[in-house]
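K.L.:
Residue-level listing of the chains:
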Amino acid sequence: MTQPLLSLRGLTVDFVTRSGTVNVLDDVAFDIGLGEIVGIIGESGSGKSVTAYSVMGILDRAARIRTGEILFDGTDVLRMSRAARDRWRGKDAAIVFQNPRTALNPIRTVGDQIADVMARHTPASAAELRARTVAALKQVRAPDPERRMHAYPFELSGGLCQRVGIAIALACAPRLLIADEPTTGLDVTTQAVVMDLIRSLARSRALSVALITHDLALAAEYCDRLVIMHAGHVVEVAPTARIVAAARHPYTARLLRSVPAQVASIGELQAIEGALPDLRRRDLPPCRFAERCDRRRPACDAGRLVPQAVAPGHTVACRNPL
Amino acid sequence: MTALLEARGLTKYYPLRRPGPFAPRQQLRAVDGVDLTIVPGEAVGLVGESGCGKSTLARLVCRLLDPTAGTLRLNGTEISTLSASAFARSAARRQIQMVFQDPTESLNPRFPVFELIADPIRRLLPREGRAALRARVAAAAAAVNLPPELIDRFPHQLSGGQKARVGIARAIAVGPQLLVLDEPTSALDVSVQATVLQLLDRLRRERGIALLFVSHDLNVVRLLCDRIVVMYLGQVVESGPAAAVYAAPAHPYARALLSAIPSLTPREQARTRLDGDPQSPIGAPLDRCRFCGRCPEEQPECGRRAPALRPLDAERQVRCHFAR
Ligand SMILES: Nc1ncnc2c1ncn2[C@@H]1O[C@H](COP(=O)(O)OP(=O)(O)OP(=O)(O)O)[C@@H](O)[C@H]1O
Ligand SMILES: Nc1ncnc2c1ncn2[C@@H]1O[C@H](COP(=O)(O)OP(=O)(O)O)[C@@H](O)[C@H]1O
Ligand code: SF4
Ligand code: SF4
Ligand SMILES: [Mg+2]
Ligand SMILES: [Mg+2]
Chain A
0 MTQPLLSLRG LTVDFVTRSG TVNVLDDVAF DIGLGEIVGI IGESGSGKSV TAYSVMGILD
60 RAARIRTGEI LFDGTDVLRM SRAARDRWRG KDAAIVFQNP RTALNPIRTV GDQIADVMAR
120 HTPASAAELR ARTVAALKQV RAPDPERRMH AYPFELSGGL CQRVGIAIAL ACAPRLLIAD
180 EPTTGLDVTT QAVVMDLIRS LARSRALSVA LITHDLALAA EYCDRLVIMH AGHVVEVAPT
240 ARIVAAARHP YTARLLRSVP AQVASIGELQ AIEGALPDLR RRDLPPCRFA ERCDRRRPAC
300 DAGRLVPQAV APGHTVACRN PL
Chain B
0 MTALLEARGL TKYYPLRRPG PFAPRQQLRA VDGVDLTIVP GEAVGLVGES GCGKSTLARL
60 VCRLLDPTAG TLRLNGTEIS TLSASAFARS AARRQIQMVF QDPTESLNPR FPVFELIADP
120 IRRLLPREGR AALRARVAAA AAAVNLPPEL IDRFPHQLSG GQKARVGIAR AIAVGPQLLV
180 LDEPTSALDV SVQATVLQLL DRLRRERGIA LLFVSHDLNV VRLLCDRIVV MYLGQVVESG
240 PAAAVYAAPA HPYARALLSA IPSLTPREQA RTRLDGDPQS PIGAPLDRCR FCGRCPEEQP
300 ECGRRAPALR PLDAERQVRC HFAR
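Protein chains in written order, with numbering that gives the first Met the number 0: chain A, 0 to 321; chain B, 0 to 323.
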C-alpha cells in the first residue's frame, strides 16, 4: 500500500436502543492509501455503513463512538471541532449513499442540488454553475444533461438517480470518496462507466476510495485490497487477488461460494447458514462467526481474538484459518 | 403451446412538462412497441441499460400502468383495454403478481406478516372463512420457507432476506400464473440472494409459475432464466434462449452488455466499452438505429434507416441491420 490517507484504529461504536446497547463495530482497523481503492465487503448488518458514517461524522444520534481514532492525513477527525469537521466533509471527503432516491431532496431539481454543492465549495455565477452542473452530469454519463438537470428525482430511473448522487459527491473534488453500494441498481455497462470514472480519478488525482459493496465480483474487478467484515469485526484484509485465490477466513471462503459468477447452475449456489448474531447479546463469543462456523474448536472461544498477519499485507482474525 | 402472456406493440410515452410556455409539448418514449411472449412455466430475464424502460414494461405487463398503445393478452384474453383500476378489480388480476425491488419500501410497516400476506388473498380471491384464510397464509409462508414464528412480526423486525420472502409469499398466495419481479434480489446479500433464487427456481418447477425477471445481475439471469430479452432505449434489441445469447450475443449492445459482467477472475476477452452518450429517450430521431453514436459496429446505413426486430433463427430475434 502507498502512504495511508485514512487510518481507522480500534474504532468501536455502540448504538443505544430501547432494547439495550448494540455493539455494531468492535475494534475496527484498516487503512486506505493515497489513490487506493479499498473494498469493504460483508453481509448486510455487518457494519459497513456505520463505518462509513463514522468517518463522515454523520452517525445517527443514538450512536456512541466508544473508542478509536480516524486519522485523515495524520489528523484525528474525531477530535476536530464541529465546524472544522463540517469544512473537512465539504472539501476533502464525500459520500455516495446506498439509496440514491432517499438521499436526494424530492422537491428540488437534480441540477439545483448539484449546483448547491458546487456553490458551497467554490461560489460562481449562475451561468458558470449551470455549465459546471451540465459537465458534472456528463461526467457520470447522464443522457441529455441540459434537460435532465431540470428533472425531479421521481422522474428519473433508479440508475439515473444514482448517477446524480455520484455527480454530487464528486462536485467538490474530494480526496476521499466513500461509495456505499454506489452501483447497486445500475446495469453493468453503466456500472463499468461509473467505476471506470472512479478508478481513473483514483489513478490521476490520487483520489482514495472506500467501495462498500456486497458484490464480490465488482470488488474483485476494481479494488486494490479488500476488507472483509462480519458482525462488526474486520475478519480478513488482503490484496484482492489473494482474497479470491487464497482466502483464509472461513467466512470469506463461504462468501465466495455464494457468488453467482462462480457457479454453473443454480443448485451449486451455497448460502451461508445462520444469520449474524444478535449484537445486543452480552455473551457474544470472541469470534462472532463461531456459531455459523464448521471449523470451530475450543481454542476459538479462548479470549480476545486479534488479527494475525499470515502473509505480507494479509491479516486474518481466526484461530483455525483455512 | 399457447402463450400465457402476449404483448404486441406495447408502448408507454410519458408526457413532459414544457421547458417554456411556448415550447412544444414533448414526450419521453419509455417503452416503444415491445413484443413479448411468455409461455406457462417459462422464466424470462429482462435486461438492459438503466432507464431503458424495464420497470415501465414490467408495470405495463402487471397493468399497474395504462399503455399509450399496444395490446396485451393474458391466456388469449385482451386485458389492455381495461383501465388500470378496472383491471385491479378484475378476475384476471390474481393471475399476474408483482414483486418489487426493495422489500423494505414495498411492505407496509404498520402490518404484521400475517396481514401482509392475507391482504392480496382478501382483495383478489372469493371471500372465505377465517380458517381457510389462515390456511392459505400458512401455505404461502411455508412455500417460501418463512418460519411460522415470524408470522406475527412487523417488517422492521425482519431481515432483508425474510422481507424478500414475505414479498414473494404475498405474490404467490393468490396462485398466480406469472410473477413479475423487478430486481427482487438487488438489495440482498449474495448469501441471502442464493436462497431466494433457489426458492424462485423451485416455485417455477413445482408450481409451473412463469417468471418475468428484471435484473441487472446477468450472472443471476444466466442461472435462473430460460430466455433473455435485451432492451435498449425502450425497444427489444435481442431475444432468445439464454444459453445461446450468452454464448454468442448477436446485437452489438448485447455484446457490450455481456462483456461488461464483472468477474472474480481476470476476464478472457477485453470488455467492449460503450463510449459516447446514449441518445435521449425524448425526441430521438425515428429514422435511424437507436444505438447510433455508441455502436462500435456502426455503418453509414445505420443513420439512414432504423432496423426492425427480425428473426435470426427459429428462436432468436435481433434488431440490427448487420447481425447474423
Ligand atoms: N413518472 C415518470 N415521468 C416521466 N418519466 C418517467 C417516469 N417514470 C419513468 N420515467 C422515464 O422513463 C424511462 C424508463 O424508466 P424505467 O424506470 O422503466 O427504467 P428502468 O429500465 O427500469 O431503469 P433502472 O434500471 O434504472 O431501474 C426513463 O427515461 C425514466 O426517466
Ligand atoms: N440508528 C441505528 N440504531 C440502532 N442500530 C443501528 C442503527 N443503524 C445501524 N444499526 C445497526 O448497526 C449494525 C450495522 O449496520 P450497517 O452499518 O448499516 O450495516 P451494513 O451497512 O454493513 O449493512 C446493524 O446491526 C444495524 O442494525
Ligand atoms: S475463530 Fe474459530 S469459529 Fe471463528 S472463524 Fe475461525 S475457526 Fe471459525
Ligand atoms: S443497426 Fe447499426 S448502429 Fe444499430 S446496432 Fe446494428 S450496427 Fe449498430
Ligand atoms: Mg449499508
Ligand atoms: Mg427499474
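Keep in mind that the hints were calculated from the coordinates and are not lab data. Cβ coordinates follow ideal geometry from the N, Cα and C atoms, glycine included. Treat the hints with care, as some may be off.
To be verified - Far from chain A, some chain B residues (derived; all Cβ distances over 12 Å):
1) 51
2) 81
3) 160
4) 181
Claimed, not checked - Selected chain A positions facing chain B (in silico; Cβ < 8 Å):
5) 64
6) 128
7) 158
8) 185
9) 215
10) 252
K.L.:
Could you run down the list of hints and mark each one as holding or not?
P.N.:
Hint by hint, here is what the structure shows:
1. 51: violated (8 Å)
2. 81: Residue 81 (chain B) is indeed farther than 12 Å from all Cβ atoms of chain A, at 26 Å.
3. 160: violated (9 Å)
4. 181: violated (10 Å)
5. 64: Violated: closest Cβ of chain B sits about 25 Å from residue 64 (chain A), beyond 8 Å.
6. 128: Hint violated; residue 128 (chain A) Cβ to chain B Cβ min 19 Å, cut 8 Å.
7. 158: holds (2 Å)
8. 185: The hint holds - residue 185 (chain A) has a Cβ within 8 Å of chain B, the shortest such distance being about 5 Å.
9. 215: With a minimum Cβ separation of about 6 Å from chain B (threshold 8 Å), the hint on residue 215 (chain A) holds.
10. 252: Cβ of residue 252 (chain A) sits 12 Å from chain B, so the hint is violated.
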